[in-house]
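Enquirer: Each chain, letter by letter, is given below.
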Amino acid sequence: MIILEDVHYTYDGIYTALQGISLQVDDGERLAVIGANGAGKTTMIKHMNGLLRPQEGRVILDGQDTKFMSVAEIAREVGLVFQNPDHQLFLDSVKKEVEFGLRNIGFTENEAEQRRQKTLASLGLEGLAERSPFTLSGGERKRVALASVLSTEPRFLALDEPTIGQDAHQKNRLAQMLAEMNKRGRTVVVVTHDIEFVIENFPRTVAMAEGQIIADGSTNMVLSNDEVIERCSLAPPQMTLAARAIRNVFPEVGQRLTLLSELEETIMGILGGA
Amino acid sequence: MSFLEVFQYTRQDSIMHRLDPRSKLVLSIVCAAVSMMFMEIIPLLMVFICLLPMIAAAKSLGRWAKSMKGLASLLVFVLVFNTLLSPVENPLSYSLSLAIRLVALMTSFSLFFLTVQPDQLSQALIQMRVKFEFAFAMSMAMRYVPTLGQEAYAIMDAQRARGVELDKGNLIKRIRNVIPIIVPLIIVSIRRALSIAESMESRGFGASENRTYMEMLRFGKWDWALALSSLMVLILVIYVRFFVGLPGWMLWNLPF
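Chains as they are written, first to last, in this note's numbering: chain A, 1 to 274; chain B, 275 to 530.
For reference, chain A alone in the conformation it holds in the complex (with noise of 0.2 Å):
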């Protein structure tokens, strides 16, 4: 469990990215950050594994409190992949790339191996083992530099806009693979401008907005709330605005509509009540 009680930062004194924020993420959840540019989600989930200390506030992790844990500590239990693969990849093959990070956590050769292997194959990586990373595509080095954080499963797995430059099929993949491990019982929180991948994978969301949390729940209440689309810069779902769409002609269609299944239900009940 990471819980992050008022906690507050401002850049070189000057510029304030966090101004009181408190959150709590449960082991096992599935949890998404959304808000405009500039909004401190990045230099939330920093908070999170203590590349950022709270100058108020503190940051608890299992219990314990990340001011006296180092970096390095931190990230055996959490993971975090930047927006940039370009900042973390250096070695000369996808291979070594990956093993790199689970060789650091200290897994055994052949343990390392595998891992590897699967998680390669679950990104669709598979083919490019023995690529330098260097002549992959934007695309692929993403992939990559996921791959490298992935395969060592830690406990929480914070990703910064894992789903910029993937094409459908490659985000379905990265879904499904988040999925898996959070069925194995890991957390994952996701910072993305992704609406459609949120409302498919996340139920929780947590919106931002100039530093402060300004809504935290459901991603079916949060998303269907006006004022947090409008003030972090979000284009309404497809799927509420088909629903209000709807709704000017059959007055019964609910508020809240994020997902096709729960639109299907509705109309199918408007069209047999008819």
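If you're looking for bench data, these hints aren't it; they were derived computationally from the structure.
Since the model is a prediction, treat every value here as computed from it, not as a measurement.
Treat the hints loosely; a few may be bogus.
List time: in silico BS3-like cross-link candidates among lysine-lysine, alpha-carbon distance up to 27 Å [to be verified]:
(1) B/Lys442 to A/Lys46
(2) A/Lys171 to A/Lys67
(3) B/Lys447 to A/Lys95
Label-pair distances were calculated between CB atoms; the ranges are [stated by the list, open to error]:
(4) A/Glu210 to B/Met490: 40 to 48 Å
(5) B/Tyr418 to A/Ala235: 32 to 40 Å
(6) B/Pro420 to A/Ile60: 34 to 42 Å
(7) B/Gly494 to A/Gly139: 28 to 36 Å
(8) A/Gln176 to B/Met488: 52 to 60 Å
(9) B/Met416 to A/Glu126: 41 to 49 Å
(10) B/Arg466 to A/Tyr11: 38 to 46 Å
Each residue gets a CB set at the ideal place from its N, CA and C atoms; glycine is no exception.
Given the structure of chain A, go ahead and fit chain B onto it with the hints provided.
Expert: Positioned in the frame of chain A, the structure of chain B alone reads:
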């Protein structure tokens, strides 16, 4: 590394800031050349004392003093090592003059870099008939130094998140830990350079041979005065140093 601040442009309005970069370049080079010509304490101190009012004219004494404080440990290093290791007759006297010379040299060049905006510098180069492409490359390089610094921090974060312990272990381990930082930094820089080049070309960089400039530097009468008087000082010093010889009291040394 705070002593490098003395080479960083500060936006200010002062007599020094308003002068043309080319006249300040002459001034800086003359000051540096003069301090290179002497190895005795008294003449070097005189150069140093002449430099101070110029820094004051640039309204940068505070910044200069701060940088010199940062330089202090390096100066102590220069003093101790040279005193212990140099084979000359009066090692302390010799290393003291080396230290003063270092300060004088840094101050000479800081006069230029403190008061010349990077854009002005490239404009000055262009008007000194350096090819536009070279001048542009130079100002780009200066422009990207802070960006590179930020990038380095981002990379360090990314690697620490993967469990790389940057500040632990013995010397060899620490040196090996630099690899995960340096390799991405180089690759990111090359990638950025390529994409900047592409985006510049797609915006028509180098499309016409003769460029025109919105702002041209003007070499005013004060610039002439400064440049000419600097050159006269240089000639005078060369004459005294090499053809007349310094008066005895200037050659004074510490006894050890």
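Enquirer: Look at the Cβ atoms of A/Glu210 and B/Met490 and judge whether their distance stays inside 40 to 48 Å.
Expert: Cβ of A/Glu210 to Cβ of B/Met490: about 44 Å, so the range 40 to 48 Å holds.
Enquirer: For the pair B/Arg466 and A/Tyr11, does the Cβ-Cβ distance stay inside 38 to 46 Å?
Expert: Since B/Arg466 and A/Tyr11 have Cβ atoms about 22 Å apart, the given range 38 to 46 Å is violated.
Enquirer: Mind checking the hinted window 52 to 60 Å against the Cβ distance between A/Gln176 and B/Met488?
Expert: Holds - the Cβ-Cβ distance for A/Gln176 and B/Met488, about 56 Å, lies within 52 to 60 Å.
Enquirer: Take a look at whether the Cβ-Cβ distance between B/Pro420 and A/Ile60 falls inside 34 to 42 Å.
Expert: At roughly 35 Å between Cβ atoms, A/Ile60 and B/Pro420 fall inside 34 to 42 Å, so the hint holds.
Enquirer: Do B/Tyr418 and A/Ala235 keep their Cβ atoms within the hinted range of 32 to 40 Å?
Expert: At roughly 35 Å between Cβ atoms, A/Ala235 and B/Tyr418 fall inside 32 to 40 Å, so the hint holds.
Enquirer: Mind checking the alpha carbons of B/Lys442 and A/Lys46 for me, to see if they're no more than 27 Å apart?
Expert: holds (21 Å)
Enquirer: Assess, step by step, whether the Cα of B/Lys447 is no farther than 27 Å from the Cα of A/Lys95, and give holds or violated.
Expert: holds (22 Å)
Enquirer: Return holds or violated for the Cβ distance of B/Gly494 and A/Gly139 against the range 28 to 36 Å.
Expert: violated (56 Å)
Enquirer: Are A/Lys171 and A/Lys67 close enough, with their CA atoms no more than 27 Å apart?
Expert: Not satisfied, since the Cα-Cα distance of roughly 35 Å exceeds 27 Å.
Enquirer: Do the Cβ positions of B/Met416 and A/Glu126 conform to the proposed distance bound of 41 to 49 Å?
Expert: holds (45 Å)
The structure shown violates the earlier hints numbered 2, 7 and 10.
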